[in-house]
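Starting from the known structure of chain R, fit chain Y onto it as the hints suggest.
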Amino acid sequence: MTTLFKTTRNTALALASLAPLLLASPAQAELPGPDQPEARGLAIAQKSDAMNLGYINTQTEMEMILTNANGDVSERRLGFNTLENKNPNDGDWSMMIFNEPADVAGTAMLTYAHVLDPDEQWMFLPALKRVKRISSVNKSGPFMGSEFAFEDFSAQEVGKFSYKWLRDEACGELTCHVTERRPLYKHSGYTRTISYTDTTDYQLRKVIYYDRKNSLLKTLTFSDYQLYLDKFWRAHNLYMENHVTKKTTTLRWDEYEFQTDLDKADFTQDSLKRAR
Amino acid sequence: MSRAPLFPVLVAVLGLGAPTAGAMDIDFDGNIELEARHFLKVGRSEDMEQDFTSISSELELGLYSRSGRHAVILKPFGRYDQHDHERSHMDLREAKYRYLRGPFELTLGADKEFWGVTEFLHLVDIINQTDNVESTDGEAKLGQPMVKLAYSTRFGTLTGYSLPFFRIRQYADPITGRPNYGFVVDDNTTLFESGEGRRTEDYALRYKHSIGAFDIGLSGFKGTAREPQLLATGEFSANNGLPKLQAYHAYQTQVGLDVQATLGSWLWKLEASQTTQNRFIGDVVTLASPVMEIDVSRATGGFEYTFYNLFNSGTDVGLVTEYMWDEREAKAPHPFGNDIGIGFRWTANDTQSTAVLVGGFIDLDTKSSGLSLEAERRLGQSYKAILEARFQGKVGDNDKLAQANVDEDFIRLRLAYFF
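Respectively, the protein sequence lines represent chains R and Y. Its first residue numbered 1, the first sequence is counted upward by one per residue in the working numbering. Its first residue numbered 277, the second sequence is counted upward by one per residue in the working numbering.
So here's chain R without its partners, still in its complex pose (with noise of 0.2 Å):
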C-alpha cells in the first residue's frame, strides 16, 4: 500500500497469493479484472507497495500547521526516521522526533510496526529522562492535537486491511483506482477509507475516511510529489480537512535523504534518549 509516510512493506505475504507472473515482476503485472474487485483492490494495494521495496531509510523533518475553524493558526515541527524491515513479513520501524512547539521539544517516539499484532511504542519524556512503554492501542485519537490520527501515522501494511476495487476514475490530469479499504486490526477509528491511486506511478492522491458510524469524517489529499533515486515518489504537502469540525491540518515536508548511514542502532530505547 502506498502509505503516508511510507513507513512500511509487506509485500512477501501478499505476493505469495499471486500468480507467479506478479511475483517476477509486480509493478509491470497486470491486475485481475473488474470482476474480481477484492483481488483487484488487494493488487492495487500491493503494486503500490513495491513500488517503495527496497528504499532502506529515510530522513526528514516536517512542519505541521494547524488550523481551526477560526482560522487561528499553530505549528509544530518534527523529525521523521524511518528503518526498512528486512523481514518482509513485518513492520518497519520508525523515529519521531519533537522539535517544536519548544515546550515538546526533545520528546521522542519509537515505533516497531507489525502487521496485526500490535506494535511496540516507547516514548522519551525529556524532563524526566525516562524512556516509557507506552501502548499502541492509541489508534483513533488524534496526533498532536492535529487531524491526523495516530494510525494515520502509523505504518500501513498491506495486511492491515481488507480491500475492494470500486472503479477507475479521472483524478486531476491523471485516472485513479478507486479503492475501499477497511482496517482488519483493532481499535481503529474508521469502519472505511476510500483512496485514489494514480494508474500510471501508483501513488496516492486521495483518501476520504469514514468514521465508526459509517458517517463522512475527513479528507487527504496529496500534493507535489518528488521522485527520489529514480525510484521512489514522496508527497511533500499532505492537508487533511475534517468536515465535521472544519479544523485542517497541512503536513509540509523538507527533501527526504534516502539509504543514510542509518541502521538498527538508531532505532533503540538508548538511540530515543539522544534524538535530536
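Any given hint could be a false lead.
Distance condition first, Cα-Cα at most 25 Å in a straight line; then the derived DSS-like pairs of lysine-lysine [as the list claims (entries may be wrong)]:
(1) R:132 - R:264
(2) R:186 - R:164
(3) Y:317 - R:273
(4) Y:643 - Y:317
(5) Y:520 - R:132
(6) R:206 - R:231
(7) R:132 - Y:484
(8) R:132 - Y:351
(9) Y:351 - R:129
(10) Y:670 - R:129
(11) R:231 - R:132
(12) Y:520 - Y:607
(13) R:273 - Y:388
(14) Y:484 - R:129
(15) Y:388 - R:129
(16) Y:676 - Y:520
(17) R:264 - R:129
(18) Y:388 - Y:351
(19) Y:484 - R:273
(20) Y:498 - Y:388
(21) Y:607 - Y:317
(22) Y:484 - R:264
Quick caveat, the hints were computed from the structure, so don't treat them as lab data. In this text, all values refer to a predicted model and were calculated from it rather than measured experimentally.
Chain Y in isolation, oriented as in the chain R frame:
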C-alpha cells in the same frame, strides 16, 4: 553546583575543536519560568512565609559532531527564590561528553539517569540525588557526576556506572522555608558512613531488555544512600525553637527489579527492591544510638489503564492505581509503608496540549490520605502555564508524618517561556 569533573569536558571540547571545526551542529534552547507558591496556612514560626515568588531557568547547549559520535551537552539550571535561601540554588543537570561507537556508549560528566516503570513511587531509581528543594514530588533530580559505559546487544543493554562524587540532599531554608515538617536540617552538618565523604566510590549496574509485551530491568547499586537517615542532635534552632536534625548518609547496597507488561490498553507495572544498610535504631535516634545492619524489602506495583479517544472526543482518560509496600509498614521512615495511590489523568489532545492529573494517597495502616492536582496548558506557541496543588487530607492517629504535613498544604503556579 555540581562537582562535575571539568577535565573530560575540556578534553572533549579540545578534541572536537581542532579537527572538526565547522563540522559540528550546535543546539541551544531553554526556558525561563516565573513561579508563585502559596501555603494555605501560616507557618510554624513567624519567619516562615506563606507566599514565595521565584524565577528559574534551565538552558541547554549541545555540540554534536556531524558523524554523530561525539557530543558535549551542558544543561545548567538555576533558581532564585524570594525568601528561601536554600531553594535559591544552581545545578549542572547535565555537563557531559558522550562518545558512541558501535554498540558502546560512553558518558563522562554529570548526567541524569532514570530507572523504573511506576508512577507514584520510584523504588529502583537511585543514580541521582533528589533535588529536594525544587519540588515535593521527588521528580526533580540533581546532576550526578559519572563515568557510564553502556553496551547494547539484541539481548538487551548492559550499563555500568562509576559515581565518583556524592550530591547531598538539600532541605528548605531552616528559617523561612516551606514546607516545614517540624524540624530543621542544616546540611553543613551532613555526615557519611563512608570515610570518603562526598568523594565516593559508588558503583551501579543495570540490565534492560524488552521482550514482546515485557520491558524488564535488573539493577544493582553499591554506594552511599541517596536518602539520609535524619538524626536528633539535641539542639534546637535559635530562630524558631524547632529541633535541629542531622542528615546521615549510610553506605548501602541495593538490588532492584522493574517490569512492565504492556497488554492492550493495560500497563501492568512492578518495582521491587532489597536494600541493606546500617541504620541507627531506637525511638529517638542520635549518633549515639546503636547501629544495626538492616535488610529492607520494598515493592510497588499496579496498573495504568487508558480510555483512548473517549466518546470520539479526542480526549484520553487514564486511571493509575498502584500499591506501595515496605516490610516495615507503619514503622517505615517514609510515608509509603502500606499505601495505595490512585490517579486520574485527563489529556485533552487539543492544540494547547491541556492535561490534568488528579492523584490521591491512602495509608492503609493509619487511614491518612493526601490529594494532589497538576494541570498544564500551552499558551500561544511558546508559553506554558502549570498549576500544582497538594493537600494533606485525613490525618490518622499516630501518623507522625501526616501530622507534620497537615499545615503545609500549598498551591504552586508556574508560567514558563520556552525558546
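Right, here's what the structure says about each hint:
1. R:132 - R:264: Answer holds: residue 132 of chain R to residue 264 of chain R is near 20 Å, not above 25 Å.
2. R:186 - R:164: 19 Å, holds
3. Y:317 - R:273: Violated, because 42 Å separates the two Cα atoms, which is more than 25 Å.
4. Y:643 - Y:317: Holds: residue 643 of chain Y and residue 317 of chain Y sit about 23 Å apart, inside 25 Å.
5. Y:520 - R:132: Given that 25 Å is the threshold and the Cα spacing comes to 40 Å, the pair is violated.
6. R:206 - R:231: 21 Å, holds
7. R:132 - Y:484: 13 Å, holds
8. R:132 - Y:351: Roughly 22 Å between the alpha carbons, so the hint for residue 132 of chain R and residue 351 of chain Y holds.
9. Y:351 - R:129: 13 Å, holds
10. Y:670 - R:129: 34 Å, violated
11. R:231 - R:132: With a Cα-Cα distance of about 37 Å, the restraint between residue 231 of chain R and residue 132 of chain R is violated, given a limit of 25 Å.
12. Y:520 - Y:607: 22 Å, holds
13. R:273 - Y:388: 11 Å, holds
14. Y:484 - R:129: Distance ~15 Å between residue 484 of chain Y and residue 129 of chain R Cα, so the pair holds.
15. Y:388 - R:129: Between residue 388 of chain Y and residue 129 of chain R the Cα gap is close to 7 Å, so the pair holds against 25 Å.
16. Y:676 - Y:520: Satisfied, since the Cα-Cα distance of roughly 17 Å is no more than 25 Å.
17. R:264 - R:129: 22 Å, holds
18. Y:388 - Y:351: Roughly 11 Å separates the two Cα atoms, so the pair holds.
19. Y:484 - R:273: Holds, because 14 Å separates the two Cα atoms, which is no more than 25 Å.
20. Y:498 - Y:388: Holds, because 18 Å separates the two Cα atoms, which is no more than 25 Å.
21. Y:607 - Y:317: 28 Å, violated
22. Y:484 - R:264: 17 Å, holds
Comparing the model with each earlier hint shows violations of hints 3, 5, 10, 11, 21; every other hint is respected.
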